[in-house]
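S.K.: Numbering follows UniProt numbering, with no gaps: position 155 of the sequence shown is 155.
The set of hints was computed from the structure by calculation and includes no laboratory data.
By construction, the Cβ of each residue, glycine as well, lies at the ideal position given by its N, Cα and C atoms.
Accuracy of the hints is not assured; some may be wrong.
[Said to hold, decoys possible] Using C-beta positions, here's what the derived DEER-type ranges look like: (1) ALA54 <-> VAL116: 51 to 59 angstroms; (2) VAL134 <-> PRO160: 42 to 50 angstroms; (3) PHE146 <-> ASP51: 32 to 40 angstroms; (4) ASP51 <-> ALA111: 17 to 25 angstroms; (5) PRO195 <-> GLY152: 32 to 40 angstroms; (6) THR141 <-> GLY33: 19 to 27 angstroms; (7) GLN172 <-> PHE261: 44 to 52 angstroms; (8) ALA54 <-> SER264: 36 to 44 angstroms; (9) VAL55 <-> SER168: 35 to 43 angstroms; (10) ALA111 <-> SER258: 37 to 45 angstroms; (11) PRO129 <-> ARG190: 26 to 34 angstroms.
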Amino acid sequence: MLLCPGVGSGPEAWPSLTDRGGLLSWYMRGTMGSDRPVDERNISLDDHVSDAIAVLDDAGIERCVVMGWSMGVTVAAELALRHPERVAGLLLVAGAPGDSFDAMLPLVPKAVRRFVGLTSTRLLRQAGPVLDKVLHRVPVTDATTFLLRHSGVIKPSSDPAAVGQAVSRFLQHDWRWYFTLALALGATPRQDLAPIVCPVTLLAGRDDVLATTESMSGPVSALPQARLRVLPCSHYLPLEAPEVVSAELDLLLDRVRSVDFATSEKLTSGSRPRT
C-alpha cells in the first residue's frame with residue numbers, strides 16, 4: 001500500500017494502518033525533515049507524482065493499492081491517471097481530486113469559495129514567521145490534546161495519544177513553506193477521473209470544512225467501480241475513525257482481488273477459453 005500524504009502530514013496520522021505492515025509513504029519536499037528541492041519551484045503536482053513513483057521503484061513495488069488524504073487525494077488520483085498499471089485500487093479520504101480551494105468552506109457561497117480559500121492561504125503564508133514563533137512554542141500536553149479534541153477541529157472520537165503524536169510534529173512546520181506547498185498543489189484544476197477503471201473507495205467527513213462531500217462524490221459519480229461512504233467526522237477522519245478506515249481498506253483489497261481474478265488470463269487445468 002502506498003500512502004500519498006496530505007501537505008505536511010505523514011503515516012502517524014493513520015494509526016490504524018501503521019501497525020499493519022506493507023505501508024509505504026514519504027514526506028512532502030521540505031517537510032518533516034525531508035530536504036527542500038534545490039529549485040523551490042519544483043513542488044508541483046508533477047513533482048509529487050514523481051516522488052510517489054520513486055518510492056514504489058525504490059521498494060521494488062510494481063503495483064499496489066494507493067491511498068490519499070486531504071491534498072494527497074490529488075496526488076493519488078493523478079498517479080492512477082498517469083500510471084494505471086501501477087495502481088490496483090484507490091482509497092481517497094477527506095480530499096477532493098483537484099481544485100482543493102473550491103472544495104473547502106461549505107458555509108461560504110460557492111461562487112467565492114476559491115477566492116476566500118486562496119486569499120486566506122496567501123495571507124497565512126505571509127504570516128509564516130509569526131506562526132513559527134507562536135506554534136513552535138505550544139506545548140502538546142494532555143490538556144492541549146483534550147481542548148483540541150473538543151474544539152470542533154478534531155472530533156472527541158479520536159484517540160488522544162494518536163492526536164498528540166500527530167499534532168506534536170505538525171506544529172513544528174516552517175509555516176511559510178507549508179502554505180507555499182499548499183498553494184502550489186492547490187493550483188491543480190479539478191481532475192477528470194473518467195479514465196480510472198480500478199476499484200475506488202471514497203471516505204468523506206460529514207463535518208469536513210476543507211473538503212465537502214459534494215466535491216468528492218461529484219468527480220466519481222459515473223465511475224462503475226466507485227464506493228462512497230460518508231462518516232460523522234471532520235477533515236481528520238483517519239484519526240477519528242481508524243477502525244472504519246482499516247475495514248474499508250480490507251474491503252477495497254477484497255474488491256481488487258476479485259477484479260484481478262475476473263480479468264486474469266490464467267486458466268486452471270481443464271479450463272478452456274470462452275469463444
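S.K.: If a hint holds in the structure, say so; if it doesn't, say that too.
M.R.: Hints, verified against the model:
In this structure the hint that ALA54 and VAL116 lie 51 to 59 angstroms apart at CB is violated, the actual value being about 35 angstroms. Separated by about 23 angstroms at the C-beta atoms, VAL134 and PRO160 break the suggested range of 42 to 50 angstroms. Checked against the hint of 32 to 40 angstroms, the pair PHE146 and ASP51 passes, with Cβ atoms roughly 36 angstroms apart. Hint check: ASP51 to ALA111, Cβ distance near 35 angstroms, so the stated range 17 to 25 angstroms is violated.
Look at PRO195 against GLY152: about 38 angstroms separates their beta carbons, and that is inside 32 to 40 angstroms. Here the CB-CB span from THR141 to GLY33 is close to 24 angstroms, well matched to the stated 19 to 27 angstroms. Between GLN172 and PHE261, the C-beta spacing of about 46 angstroms keeps the proposed range 44 to 52 angstroms intact. Taking 36 to 44 angstroms as the suggested C-beta distance range, the pair ALA54 and SER264 does not conform, at roughly 29 angstroms.
Roughly 24 angstroms separates the CB atoms of VAL55 and SER168, a value that falls outside the hinted 35 to 43 angstroms. A C-beta distance of roughly 43 angstroms is found between ALA111 and SER258, which places it inside the suggested range of 37 to 45 angstroms. Restraint check, PRO129 to ARG190: a C-beta distance of roughly 33 angstroms satisfies the suggested window 26 to 34 angstroms.
Hint violations for this structure: numbers 1, 2, 4, 8, 9, all remaining hints satisfied.
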